[in-house]
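On the provided structure of chain R, position chain P as indicated by the hints.
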Amino acid sequence: MTRQTFDAAITGIGLATPAGLGVAASWQTLVEGAATAATPDPALAGIPVAFSCRVPGFDGDALLGRRKAWRLPRLSQLAMVAATEAIADSGLDPTRWDGARVGVVIGSGIGGVGPWEEQHRKLLDEGPTLVSPLLIPMLAVNMTAGYIAIEIGAKGPNFVTATACASGTTAIGIARSLLRSGECDVVITGGAESCLVPSIVSGFSQMGALAGGDREPASASRPFDVARDGFVPAEGSAVLVLERLADAKARGARCYASVRGYGASADAHHATAPDPQGVGAELAVRAALGDAGIDPDAVDHVNAHGTSTPLNDVTEAKMIRRVFGERPAVTSAKGVTGHALGAAGGMEAAFTALTVHHSLVPPTANLDSQDPEVEVDVVAKVAREMRVEVAVSNSFGFGGQNASLVLTAC
Amino acid sequence: MSVYDTLAQLISSSFGVPVEEVRPDVTFSELEFDSLALVELGLAAQQEFGVAITDEELSSGDTVSRAVDIIESKVMAQR
Numbered sequence: 001m002t003r004q005t006f007d008a009a010i011t012g013i014g015l016a017t018p019a020g021l022g023v024a025a026s027w028q029t030l031v032e033g034a035a036t037a038a039t040p041d042p043a044l045a046g047i048p049v050a051f052s053c054r055v056p057g058f059d060g061d062a063l064l065g066r067r068k069a070w071r072l073p074r075l076s077q078l079a080m081v082a083a084t085e086a087i088a089d090s091g092l093d094p095t096r097w098d099g100a101r102v103g104v105v106i107g108s109g110i111g112g113v114g115p116w117e118e119q120h121r122k123l124l125d126e127g128p129t130l131v132s133p134l135l136i137p138m139l140a141v142n143m144t145a146g147y148i149a150i151e152i153g154a155k156g157p158n159f160v161t162a163t164a165c166a167s168g169t170t171a172i173g174i175a176r177s178l179l180r181s182g183e184c185d186v187v188i189t190g191g192a193e194s195c196l197v198p199s200i201v202s203g204f205s206q207m208g209a210l211a212g213g214d215r216e217p218a219s220a221s222r223p224f225d226v227a228r229d230g231f232v233p234a235e236g237s238a239v240l241v242l243e244r245l246a247d248a249k250a251r252g253a254r255c256y257a258s259v260r261g262y263g264a265s266a267d268a269h270h271a272t273a274p275d276p277q278g279v280g281a282e283l284a285v286r287a288a289l290g291d292a293g294i295d296p297d298a299v300d301h302v303n304a305h306g307t308s309t310p311l312n313d314v315t316e317a318k319m320i321r322r323v324f325g326e327r328p329a330v331t332s333a334k335g336v337t338g339h340a341l342g343a344a345g346g347m348e349a350a351f352t353a354l355t356v357h358h359s360l361v362p363p364t365a366n367l368d369s370q371d372p373e374v375e376v377d378v379v380a381k382v383a384r385e386m387r388v389e390v391a392v393s394n395s396f397g398f399g400g401q402n403a404s405l406v407l408t409a410c
Numbered sequence: 001m002s003v004y005d006t007l008a009q010l011i012s013s014s015f016g017v018p019v020e021e022v023r024p025d026v027t028f029s030e031l032e033f034d035s036l037a038l039v040e041l042g043l044a045a046q047q048e049f050g051v052a053i054t055d056e057e058l059s060s061g062d063t064v065s066r067a068v069d070i071i072e073s074k075v076m077a078q079r
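These protein sequence lines are chains R and P, in that order. Numbering-wise, our numbering puts 370 at position 370 of the first sequence, and it's gapless, one number per residue. Numbering-wise, our numbering puts 3 at position 3 of the second sequence, and it's gapless, one number per residue.
Derived from the structure by calculation, the hints contain no laboratory data. Hints may contain errors.
[Unchecked claim] For each label pair, taking beta carbons as the anchor points, the in silico distance ranges come out as: (1) T95(R) x S2(P): 37 to 47 Å; (2) G182(R) x E48(P): 51 to 61 Å; (3) G50(P) x G182(R): 54 to 64 Å.
From a predicted model like this one, the values you see are computed outputs, not experimental measurements. Virtual Cβ for every residue (Gly too), placed ideally from N, Cα, C.
Okay, chain P solo, but in the shape it has when bound:
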């Protein structure tokens, strides 16, 4: 599964966002994520992908695809 698909599934299963709402271009604020939910997502992503997303790197105005980019670049850097 791609990073996007895995992240989308995580957003849906752990945070209860309906699958159809999760799109690459949707922002986290549109998904009703506040700053605490973003930190929680960062922790979940860390467990899932083995890389951390900090609250400096991702804000609620960012899109899901921006989160995917951060994760992918960090995963690449680890290789």
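Okay, chain R solo, but in the shape it has when bound:
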């Protein structure tokens, strides 16, 4: 059975990432391949891995106004700033649209754990009657989409997708489905995460998932490098405005790239380790290609999940080689940004759209010596100018939850 393909145009992008506040700053840092991990992160003092990738200079009070910002956990502040930039960039006017036709689907893996840590301390130290009444709306993972809707009057479907480190990618795939089914005319989508707090980072550290704490922070996130030893935790948000391509063209909107394919799968293998054969990941990628009606050999570029963990990068590279051969230029943004978990897929979809738009593949930072088991064409050190008609962006989450997007030039 052949199915008609469907293009969801990306008409607006907003970024608050470790690579910079705003699209222009983030893209410039990414293209330069400048790593962003810094030490010390005061919030992580005393933890074996005390460095992280934070959004530089992010001050929610200053950007949103304290009156709005005090009620929001940091991940929602990041998303609100990114959403504001994305909507302005799209040229849509929230005071004029039919809010019932506007959906919000944001990916988030963990939620507002900063406020949870603070209030839990308060509970233990001062008792239950001093716990903040804002704890629940700050902690609950669904709230970021709700807050964005309140801000912009979006009364359509509204939810958060939680597929761990694939959350942002899942969100964009589902957002596209809402346009395809006709449930929405506009969907505000992407990812948001900020969980750089002692309990969460300790948890990742105890799993052995993080880069060694004795490493030089700036070079600790090194996807596909032979000396990689884990990921560097990060925060951030990316928000995209999606519309049906025909609608975008009809209103004369700029289109960065179209989301033409989405695929999802489960490893059904292990809670946190990827299937060593990458079977689940391959299913997601092939499903996305099938949805897009695109042959693997038409793919010019793969924005890899590329976490810098020993397991992910080899498994993913072998899968990419199996599906696509040697042809596509592969990169991982995480050498620059670290791993922003539930936000990563949103950030990387935005980066992939910008890659298509600018015909420029950013390099994988810190790739000094490519792991010999990684037998794909990884762009290292210097950005590569090339026409990208078709790109794939991968995300793989704990729980074996995989998601992949196919983006095409508009």
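Positioned in the frame of chain R, the structure of chain P alone reads:
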């Protein structure tokens, strides 16, 4: 500093209300406080003044000076 001045400063610094909006006769709903924000203000006031304001005692229709009266009477009662 008077109870009013301290409370006004708290409303401004913690809840982001511009100083010029805070007046004795303004209601909390005019300051855009919902019920959750009022509970949060009660907790902040408890830390600041050592007396609790409960949500039965203060609603969003009440003014800032009503909150000051509650705090002052409770502080007096403790002495």
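Right, here's what the structure says about each hint:
no.	hint	result
1	T95(R) x S2(P): 37 to 47 Å	holds, 42 Å
2	G182(R) x E48(P): 51 to 61 Å	holds, 54 Å
3	G50(P) x G182(R): 54 to 64 Å	holds, 59 Å
Violation of the numbered hints given earlier is absent; every hint is satisfied by the structure.
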